[in-house]
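Q: Chains as they are written, first to last, in this note's numbering: chain A, 1 to 296; chain B, 1001 to 1296; chain C, 2001 to 2296; chain D, 3001 to 3296; chain E, 4001 to 4296; chain F, 5001 to 5296.
Calculated directly from the structure, the hints in this document are not laboratory data.
Mixed in with the good hints there might be a few duds.
In the DSS-like style, the derived pairs of lysine-lysine whose C-alpha atoms are separated by at most 25 Å in a straight line are [as the list claims (entries may be wrong)]:
(1) A/K97 x C/K2009
(2) A/K4 x F/K5022
(3) D/K3030 x E/K4090
(4) E/K4090 x E/K4025
Partner residues aside, some chain D positions facing chain B, computed with beta carbon under 7 Å [to be verified]:
(5) R3058
(6) S3062
(7) Y3065
(8) H3066
(9) G3068
(10) L3104
(11) D3108
Don't be surprised by glycine CBs; every beta carbon is placed ideally from N, CA and C.
For reference, the chains in residue letters:
6 protein chains.
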Amino acid sequence: MEKKQILAKNVNLLAEISQQEKTMKTEGGKQPSVIVIERIIELLKQIIFPGYFGAEIRSRESRLYHVGVSMEALEKDLKEQICLSFRSFKGEDVKEKTSDEIALKFIDTLPEIKRVLYTDIEAMSNADPAVTAYGEIIFCYPIVQVMLHYRVAHALLRLGVPVLPRIITEMAHSKTGIDIHPGAQIGEYFSIDHGTGVVIGETCIIGNHVTLYQGVTLGAKKFTYNENGTPVNTPRHPIIEDNVTIYSNSSILGRITIGHDTIVGGNIWLTESVRPYSKIVQQKAVSEAFIDGAGI
Amino acid sequence: MEKKQILAKNVNLLAEISQQEKTMKTEGGKQPSVIVIERIIELLKQIIFPGYFGAEIRSRESRLYHVGVSMEALEKDLKEQICLSFRSFKGEDVKEKTSDEIALKFIDTLPEIKRVLYTDIEAMSNADPAVTAYGEIIFCYPIVQVMLHYRVAHALLRLGVPVLPRIITEMAHSKTGIDIHPGAQIGEYFSIDHGTGVVIGETCIIGNHVTLYQGVTLGAKKFTYNENGTPVNTPRHPIIEDNVTIYSNSSILGRITIGHDTIVGGNIWLTESVRPYSKIVQQKAVSEAFIDGAGI
Amino acid sequence: MEKKQILAKNVNLLAEISQQEKTMKTEGGKQPSVIVIERIIELLKQIIFPGYFGAEIRSRESRLYHVGVSMEALEKDLKEQICLSFRSFKGEDVKEKTSDEIALKFIDTLPEIKRVLYTDIEAMSNADPAVTAYGEIIFCYPIVQVMLHYRVAHALLRLGVPVLPRIITEMAHSKTGIDIHPGAQIGEYFSIDHGTGVVIGETCIIGNHVTLYQGVTLGAKKFTYNENGTPVNTPRHPIIEDNVTIYSNSSILGRITIGHDTIVGGNIWLTESVRPYSKIVQQKAVSEAFIDGAGI
Amino acid sequence: MEKKQILAKNVNLLAEISQQEKTMKTEGGKQPSVIVIERIIELLKQIIFPGYFGAEIRSRESRLYHVGVSMEALEKDLKEQICLSFRSFKGEDVKEKTSDEIALKFIDTLPEIKRVLYTDIEAMSNADPAVTAYGEIIFCYPIVQVMLHYRVAHALLRLGVPVLPRIITEMAHSKTGIDIHPGAQIGEYFSIDHGTGVVIGETCIIGNHVTLYQGVTLGAKKFTYNENGTPVNTPRHPIIEDNVTIYSNSSILGRITIGHDTIVGGNIWLTESVRPYSKIVQQKAVSEAFIDGAGI
Amino acid sequence: MEKKQILAKNVNLLAEISQQEKTMKTEGGKQPSVIVIERIIELLKQIIFPGYFGAEIRSRESRLYHVGVSMEALEKDLKEQICLSFRSFKGEDVKEKTSDEIALKFIDTLPEIKRVLYTDIEAMSNADPAVTAYGEIIFCYPIVQVMLHYRVAHALLRLGVPVLPRIITEMAHSKTGIDIHPGAQIGEYFSIDHGTGVVIGETCIIGNHVTLYQGVTLGAKKFTYNENGTPVNTPRHPIIEDNVTIYSNSSILGRITIGHDTIVGGNIWLTESVRPYSKIVQQKAVSEAFIDGAGI
Amino acid sequence: MEKKQILAKNVNLLAEISQQEKTMKTEGGKQPSVIVIERIIELLKQIIFPGYFGAEIRSRESRLYHVGVSMEALEKDLKEQICLSFRSFKGEDVKEKTSDEIALKFIDTLPEIKRVLYTDIEAMSNADPAVTAYGEIIFCYPIVQVMLHYRVAHALLRLGVPVLPRIITEMAHSKTGIDIHPGAQIGEYFSIDHGTGVVIGETCIIGNHVTLYQGVTLGAKKFTYNENGTPVNTPRHPIIEDNVTIYSNSSILGRITIGHDTIVGGNIWLTESVRPYSKIVQQKAVSEAFIDGAGI
């Protein structure tokens, strides 16, 4: 069979709606746009941290102009993506008016989101002796990136918007290696240092002044299945109370409670609740040996 | 020495072919293009998941047009990059005809790659109670990204194409934090949740219906060296049989076999084979202590 | 309240300088530009690895032209960003001449940075049996990306440039999942395989011929606080001597010394110094059990 | 007054809706987009001359794919711009369905437009001895550009679309210096050589096999005004019958008829009708004089 | 001589500063940037005609934000280009403060420029029976384009800025075929229909309510030379008083005066002054002849 | 018939190779790329006028680097476009080596092209009293643009390259309104002021120190046809000897000779040869009349 025929055959095979696509109902059609959602996040950064992201702002007077222009663009893009999310993932044709209302309700939460993000920045600054300026954190710490994505996604989720919140947190996951489900509830003054590998599950509840280090998992221990064998979405992730610090690579699994003012050391595997004011450390788990240089 | 001289001096020093470059034979020359390879992946996404990636597709009729246009562009770019890979990394001047044939053979595997990717999506959907729609997985779960890159790279590797496969999986590694070597063999219905930090080595063999969580390493325990001290590329990574689940941050190392229908808990360090139907869990490794709030 | 009013109200709220911004002194103003810094890194790649990054170079003669053009652009961008860094983060109006001098001093270190990066490539090649060509490492191994960022950032830090170094290493962190503080001191022939989740703290000192695997933390055990409760930036991360290999997911914490020619196995939690020629392995920490297929 | 105040004052003055804007009803609002209209023209070129404009087409089979993709994009953009034109310039809120119908009717004329454009190309080839290949005309002769714009604009005008046609012909005017009003009626086998400065007025009627050279004006002699002093849009431009050639820089003005098979020489000023088979030439209008090199 | 040598030889020849460049003092160096100047014009369009150019503006409130953002960008770009123009073309190092002042003075004229441009639009509307809406003129008539460029360039010229004004009018020349020297003085309610080929010289003085058609030249008849043979820049172009209309392709040459309320017909060659209320028409200059179809 | 059917029907109709395309042999296929040719011209501007076009050049040393990089890119693009031109328009498969040789021969003429362009700039400076600096001419006078295009196109034509030269001059025509056929022969110190509407035919021969103004046509009077009715490409445009000035809107037609040191006034229609040292002026052709303000 020659080239043209091979190409044409595969074009036809791949263009057909396959049985799998039919079964899964994933035939495509008009979808939310990843590019537009990235622009939405970019606009939110410009609105919440004017001068740090987007155009240079040369005077206090012109903050108003810049925030105003970004807000107008945000409102338009957001309304449209909300509408598309409902259509694609709920099968419902949300009226344009509803998307409009949801977008406005979301915009009405932005000043509060900004305030809380600044508590995260303050917490981060207190946690890391290497910080030399607040601006440094806004500019380059993954915590700001990931928490902006999460707090925005969480607000959209609470307004009932489907899938969009998850797309937004996955964008942060890809950039930072920190995977926070938009359904998690996280208090103020939250900080994550380094952060690569952190996972925070859908039903987590986290208090104020909590600090995590890289590789911490707040996960599920097991799933409950219904009679069809489908996993059921029940509370299955930990509750972390106020003033808790969890060091690197520890895993806290299941619907347990870590009491307030507790410190969990690194590399801990924890599946049972812990009383307040606890300090959890690993048993000494290494043996030393003098060797003559051979490989392991 | 003044500015112009400093600049000119360093330009000359850096433009020279250094002794290291000569020794390592890395003088540059015409190379595969990272930008073109990214475009190839983008085209493959549009061909395999039409409507999700690339332009909106407004009717079933026009899937044919879109897949056709993407396929034509794919064929051209791929042929060229295959040719460049051989020239740069094998020192052989592959005939244009050969690159052409390899590209066609690869295109001929696309319908099968699409079918298998849909089994991965189905597995992911079964593993995560937070999923609300299949489209959500295609859109934003790292598993789709990483498996598309891996399955494409693996197909190219089997056709003998040098280095290109590795570039493709490293792109996924950068975006998802999941590092799968293109040489690994992975069955159907494969899923990875969260995924940051997962490493799957070159000689791994993985069956069907296997699920991994974040931070899992399927690695080598030690290398064999030849008489020149160069490490030898022998089977050195684990074999994972069907229906195995491995929880977060566990390391399975060396050419061992994890028998089918086995569960490996989180934070496990495993260097010996395990019989089928096993369940491996960590010993309780923490001690609790009430403390008065001082840091660790 | 209708739409226009809601938008206008929030624009006004968000455009105001909030009390938090005043307290933290983060009102924006002219800042270093992330986009320009990304271009600086791109230019450095073209200067250090001509032919691999940037335009194709078709003859040895034209390496001179390409390196020259990139150098001119580098010098201009760098000078400007150095100037902006001092202004934004030191509150000092560094004279243009000073920025100029610093940029030139940095450029004068480039041939040495290139030489050392090639030792890292050589080390990587020796560590990974899957490597088939040096060019493959330059092209797609995260080690090259992350070490170029780190070695450049470290050189800028030594010249006293504020924040810029940190922005540069965070860019590499985002792309590779490897987080190296620009203040760390790292010798030659350094390699990291896979790398996701690696953290190397600000006061680490690392010798020559050191190899790390994914998930390794070289971190602090505790902070010292001054009388105001602010953490103090003292030496608090480990010293790793020559010829040390640390396997995946191990944590080395505190100002301890890992003696030369030592091997630290995977999943180790280490907070005490180790003599030279040591070999640290984990105690057997798993229990096996035959089970009948039920979930954990 | 200092800088900030001057800027703020002028921003306020310019942002206000001026009295002129109110009087003229030109306050802005959602308008047709020049950028989208340029894309529409680009798509039409790709549809009508596949392979010459847009992506390279590598086989006959893939013409179908390319034309299909361009058509889908065309239909979407066009529908939207038609809708915006009615809203902006007719004050009527055309139902989406109507725009849709108009767009489809227009698309249904494309094969005929293509056929007629090919007659223009054939005429051009016959008129210019410098032509070496038909493709050369499609590629670089302004006649193709200007006639594609005109014929498309004319078709839209006949379908009642406001202003859009005029925007489309002005784009061609800007690129070629040839200004054809979309209302003019132009037959087949029409050609214009060089063309800069050609003007063809709104009520012109031009037969088949007509050729114009640069600088030819087919204009109005005088306007009729109504009682308010507004010029009335009556037939006021010439009728040019079949087989007429008009040489460079001649002006034919008013509702006169140039009979078929007539030649009008260059630099003619003509305001009266001419019988068929005429040949109009200029009287000798220069005096020669031998001079000794002084300026005029 | 082989390829590399030919390339290298010509690179060297062309990179050298040639004798001509030395003589003419055109060695390059930092110049005003055509790309930035195009952006300046784009910003001016957005400021003067908000909603027609630049982003869609969705409410009256947000005109303020958009104009404010554009103004800030304008001020920055303009200041810089003014500074570069002085440095490149006057050899003077204008203080940054001076450029700043000039930019502000220019910005202070914008409301007046806007007002006058609206008179041009009104005049155009009265002159062309084909106009259906004022917005149509703003959108697509070359008069708006060319007069915006000219009026802006003229204002900059009056503030003493070198060369920049000329670059700005040449941009309009390239787009519209209308060449107005920035030094010309043009009153209100000015209109040009079609316009291709219009030339208006440096020392022209044009009153109010003047209308020109395509191909009209308001030029110089002869130059005065000084003792070195260099042409002297004296008043040498016509004065056109109020209420004058000049039809297509007429040339008015030399420092003559066309009295108010005069009509000049098409194709007129005029080198002497004309009293007010005149009407100039061409003598009948064609001879008709019946012919039998032979070419000229 | 519904929407999908209308679209599909027209897609099929337009994708088919029409009878006209077959007859004219214009089916598309791989063509020279207008975008690449525009890049070629951009590179030539950077090579010939370094510092004026392309990147800023900050020192004399780096002219070498910039010219070198541009030359390398030029050589590659040009070779490819030459090859495509032969294949598309001559039906011959020129060997890659031949295209290579032609590109090199062309590059070898660049220093001479640069020298001659500088004579044009000098001539323009002498002709226009409004010029304030040589750089002003390079930056914004259409003469530089059009002559660079023409002189480059002419050199390629002499090397036998088909169609490419014509595409290059049409680009200049579109930007400047000046239409010079690449076949024309034009001497040194050539200048055109304003220029819109100038046409210079294929077989023109123009001496040194010739100046043209806007609207001048150097055209053919009539064509010779062969027995098939095809026009024959014989010498049919004027010869203009040294030191001739032709004022605006004059037409010189046919294979006549304008003797050296001649001045042709504006609006002249000339079809007979003129002796050296002539001065041609128009007879007075207007009648004046006092009128009372009525329209023409």
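Q: State for each hint whether it applies.
A: Structure-based check of all given hints:
1. Of the pairs offered as hints, the one joining A/K97 and C/K2009 holds, with about 20 Å between alpha carbons and a cut-off of 25 Å not exceeded.
2. The straight-line distance between the Cα atoms of A/K4 and F/K5022 is roughly 21 Å, inside the 25 Å bound, and the hint therefore holds.
3. Between D/K3030 and E/K4090 the CA atoms are separated by roughly 44 Å; this puts the pair beyond 25 Å, and the hint is violated.
4. Taking the CA atoms of E/K4090 and E/K4025, the gap is near 12 Å; set against the 25 Å cutoff, the hint holds.
5. The criterion of a C-beta within 7 Å of any C-beta in chain B is met by D/R3058, whose closest approach is roughly 6 Å, and the hint holds.
6. The criterion of a C-beta within 7 Å of any C-beta in chain B is met by D/S3062, whose closest approach is roughly 5 Å, and the hint holds.
7. Residue-level restraint check for D/Y3065 holds (minimum Cβ-Cβ distance to chain B is 3 Å; threshold 7 Å).
8. Proximity of D/H3066 to chain B holds as hinted, the smallest CB-CB distance being about 6 Å (cut-off 7 Å).
9. With its C-beta approaching chain B no nearer than about 3 Å, D/G3068 sits inside the 7 Å limit, and its interface hint holds.
10. Checking D/L3104 against chain B by beta carbon gives a least distance of about 13 Å; that is not within 7 Å, so the hint is violated.
11. The beta carbon of D/D3108 is not positioned within 7 Å of any beta carbon in chain B (closest approach about 17 Å), and the interface hint is therefore violated.
Checked against the numbered hints above, the structure breaks hints 3, 10, 11 and satisfies the rest.
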